[in-house]
Structures are given as structure tokens and as C-alpha cells.
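Given only the sequences and the hints, what does the whole structure look like? Please build it.
The residues making up each chain are set out below.
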Amino acid sequence: AQTVTQSQPEMSVQEAETVTLSCTYDTSENNYYLFWYKQPPSRQMILVIRQEAYKQQNATENRFSVNFQKAAKSFSLKISDSQLGDTAMYFCAFMSGTGANSKLTFGKGITLSVRP
Amino acid sequence: GAVVSQHPSWVICKSGTSVKIECRSLDFQATTMFWYRQFPKQSLMLMATSNEGSKATYEQGVEKDKFLINHASLTLSTLTVTSAHPEDSSFYICSASRLARAYEQYFGPGTRLTVT
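One line per chain: the protein sequences are A and B, in this order. To convert, note that position 46 of the first sequence is 54 in the working numbering; the numbers rise steadily by one, no gaps. To convert, note that position 21 of the second sequence is 285 in the working numbering; the numbers rise steadily by one, no gaps.
If you're looking for bench data, these hints aren't it; they were derived computationally from the structure. Be aware that a few hints might be false.
What the hints assert, rightly or not - Mimicking DSS-like on lysine-lysine, the simulated pairs with C-alpha atoms at most 30 Å apart in a straight line are:
(1) Lys284/B to Lys78/A
(2) Lys305/B to Lys86/A
(3) Lys319/B to Lys284/B
(4) Lys86/A to Lys116/A
(5) Lys111/A to Lys330/B
(6) Lys319/B to Lys81/A
(7) Lys328/B to Lys111/A
(8) Lys111/A to Lys319/B
(9) Lys81/A to Lys116/A
(10) Lys305/B to Lys284/B
(11) Lys111/A to Lys305/B
(12) Lys319/B to Lys116/A
(13) Lys116/A to Lys284/B
To be verified - Simulated restraints on C-beta separations:
(14) Ser318/B to Gln22/A: 47 to 57 Å
(15) Pro124/A to Thr380/B: 32 to 42 Å
(16) Ala79/A to Ile276/B: 46 to 56 Å
(17) Met19/A to Pro304/B: 34 to 44 Å
(18) Ala364/B to Gln22/A: 37 to 47 Å
(19) Arg51/A to Glu351/B: 16 to 26 Å
(20) Pro17/A to Lys284/B: 15 to 25 Å
(21) Asn75/A to Ser337/B: 35 to 45 Å
(22) Thr380/B to Thr26/A: 41 to 51 Å
(23) Thr380/B to Gln22/A: 22 to 32 Å
Unchecked claim - Selected chain A positions facing chain B (in silico; Cβ < 7 Å):
(24) Asn39
(25) Tyr41
(26) Met53
(27) Asn109
Using N, Cα and C, we set each Cβ at its ideal position, and we do this for glycine too.
Take a look at the structure:
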């Protein structure tokens with residue numbers, strides 16, 4: 009079974025600074041997807057970024073980028089120019105293969121606070 | 265596009281009664297729908313996976329007779345919590361995916377259930 013580990017329960021960052029959220033995972037598969045989701049106080053799950061395991065290039069979405077280290081099974085999220093609206097809980101997640109019933113396995117999450 | 269709605273957003277029920285939560289894909293046909301449970305400040309726990317017209321597949325430890333899931337059409341899945349008790353109070357989230365892009369799950373806004 010796959011596992012996703014987020015070892016930091018909380019982090020805080022000053023507005024406009026850069027912060028990196030850590031995530032490691034364990035799998036024996038070669039074809040999979042990795043995700044970072046944001047859950048603000050509204051509790052709506054929002055996809056931040058997705059990485060396909062077969063792609064060597066790290067995914068980026070505006071201020072959000074990942075450092076995907078496949079051999080080390082590490083998938084960290086970097087948030088640049090942090091904004092107050094980035095305050096939320098962030099979940100790292102794993103999905104295997106491309107089957108119709110592919111399930112997401114979530115990490116425990118990290119609460120990020122952006123200070124003004 | 266790819267919007268998922270849930271109804272109701274918040275429900276309070278008395279202990280021993282049943283409550284139904286609806287999950288709808290508004291602008292796409294959802295091949296698969298997923299039901300999650302989330303306690304405050306914790307991660308999402310997958311309860312079950314359902315495909316249109318088929319019986320749901322429940323995760324280990326989830327009581328299928330207590331949490332009845334019906335996926336009657338490609339746009340609607342329902343979760344019925346039968347004989348609810350205070351310990352069933354939680355935040356319930358659904359997500360939906362399409363066969364052609366199974367790696368994308370679209371999340372509903374969640375339903376807060378309080379059992380008194």
C-alpha cells in the first residue's frame with residue numbers, strides 16, 4: 009500500500025517570503041501522480057499542482073512549484089511571494105496508475121499561516 | 265467547468281435518525297465518485313468509491329450498512345448515514361472523476377453533519 013508522509017504539522021511564513029512544504033511517499037509503482045491540494049477555512053479542496061511521475065520536469069503553476077525527486081520519493085511544494093490568501097491547510101496526495109477507480113491517498117496535512 | 269455540488273451544506277439531525285447527502289456533477293458525467301470523511305484539523309479519509317450503476321466499494325473499517333452509497337446516474341451519488349449517532353458528526357466530502365481523465369478528481373464543497 010502507498011503511504012504519504014507530511015511530518016511538519018504547522019508552518020508560518022511572513023507575507024512576500026518563500027516557504028517550502030515537505031512531503032515524502034512510498035510506493036513500488038512506476039506510474040503514478042502526485043498532487044498538492046489546498047484547503048482554506050471554507051474547507052473547499054483546491055488543486056494547487058499536479059506532477060506526473062514519468063515527467064522529469066518539475067511542475068509549476070504561477071507562484072507554486074514542486075521539487076520532485078523520484079528516486080528519493082520526495083515531493084516538496086515551494087510557495088513564492090506568499091500571500092495572506094495562502095493561509096490554509098495543505099495536503100500532499102498520491103494516486104497510482106490511470107484506472108477509472110484510481111484513489112487518492114492523502115498525507116496528514118500541514119497548516120500554513122501567512123503573517124502580515 | 266468540472267463543478268461538483270453537495271447538498272445540504274450543513275445538516276443537524278437527532279440521534280437515531282437517517283440523513284441523506286447528495287453529490288452532483290453539474291457539467292460533466294462522473295464515471296466514478298468518491299466519499300471522504302474529515303474530522304477537524306485532520307486529513308481526508310476515503311470511505312468508499314462508487315461507479316454508476318454498480319455497488320460501492322467500501323474501504324476497510326467502513327460499515328457499509330451504516331453508510332449507504334447509491335450512484336444511480338452519471339451525475340448523482342448519495343450517501344445516507346443510517347441511525348446516526350453523535351460520533352458520526354463530521355465533515356463529509358465527495359469528489360468525482362471522468363473516465364478519460366481519471367487522474368483529476370473534482371471536489372464538492374463538503375457537508376457538515378452534526379448529530380445531537
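Cβ separation of alanine 79/A and isoleucine 276/B, checked against the hinted range 46 to 56 Å: 50 Å, holds
Beta-carbon spacing of proline 17/A to lysine 284/B - inside the hinted bounds 15 to 25 Å or not: 34 Å, violated
Interface hint for tyrosine 41/A, Cβ within 7 Å of any Cβ on chain B: 5 Å, holds
Verdict for threonine 380/B, threonine 26/A (Cβ pair) under range 41 to 51 Å: With Cβ atoms ~46 Å apart, the hint holds.
Satisfaction of hint between lysine 319/B and lysine 111/A, Cα-Cα up to 30 Å: Between lysine 111/A and lysine 319/B the Cα gap is close to 17 Å, so the pair holds against 30 Å.
Cβ distance range 35 to 45 Å for asparagine 75/A and serine 337/B, holds or violated: For serine 337/B against asparagine 75/A, whose Cβ atoms are near 42 Å apart, the range 35 to 45 Å holds.
Restraint check for lysine 111/A with lysine 305/B, where alpha carbons must lie at most 30 Å apart: 21 Å, holds
Restraint status (C-alpha distance of lysine 319/B to lysine 284/B at most 30 Å): Judged against 30 Å, a Cα distance of about 17 Å means the pair holds.
Given hint lysine 111/A paired with lysine 328/B - CA-CA distance at most 30 Å: 18 Å, holds
Threonine 380/B versus glutamine 22/A beta-carbon gap, inside 22 to 32 Å or not: Taking Cβ atoms as reference, threonine 380/B and glutamine 22/A lie about 43 Å apart, which means the hint is violated.
Methionine 53/A as an interface hint toward chain B, with CB separation required under 7 Å: Holds - the Cβ of methionine 53/A comes within 7 Å of chain B, reaching about 4 Å at its closest.
Hint validity - asparagine 109/A Cβ closer than 7 Å to any chain B Cβ: Cβ of asparagine 109/A sits 5 Å from chain B, so the hint holds.
Comparing the model with each earlier hint shows violations of hints 1, 6, 17, 20, 23, 24; every other hint is respected.
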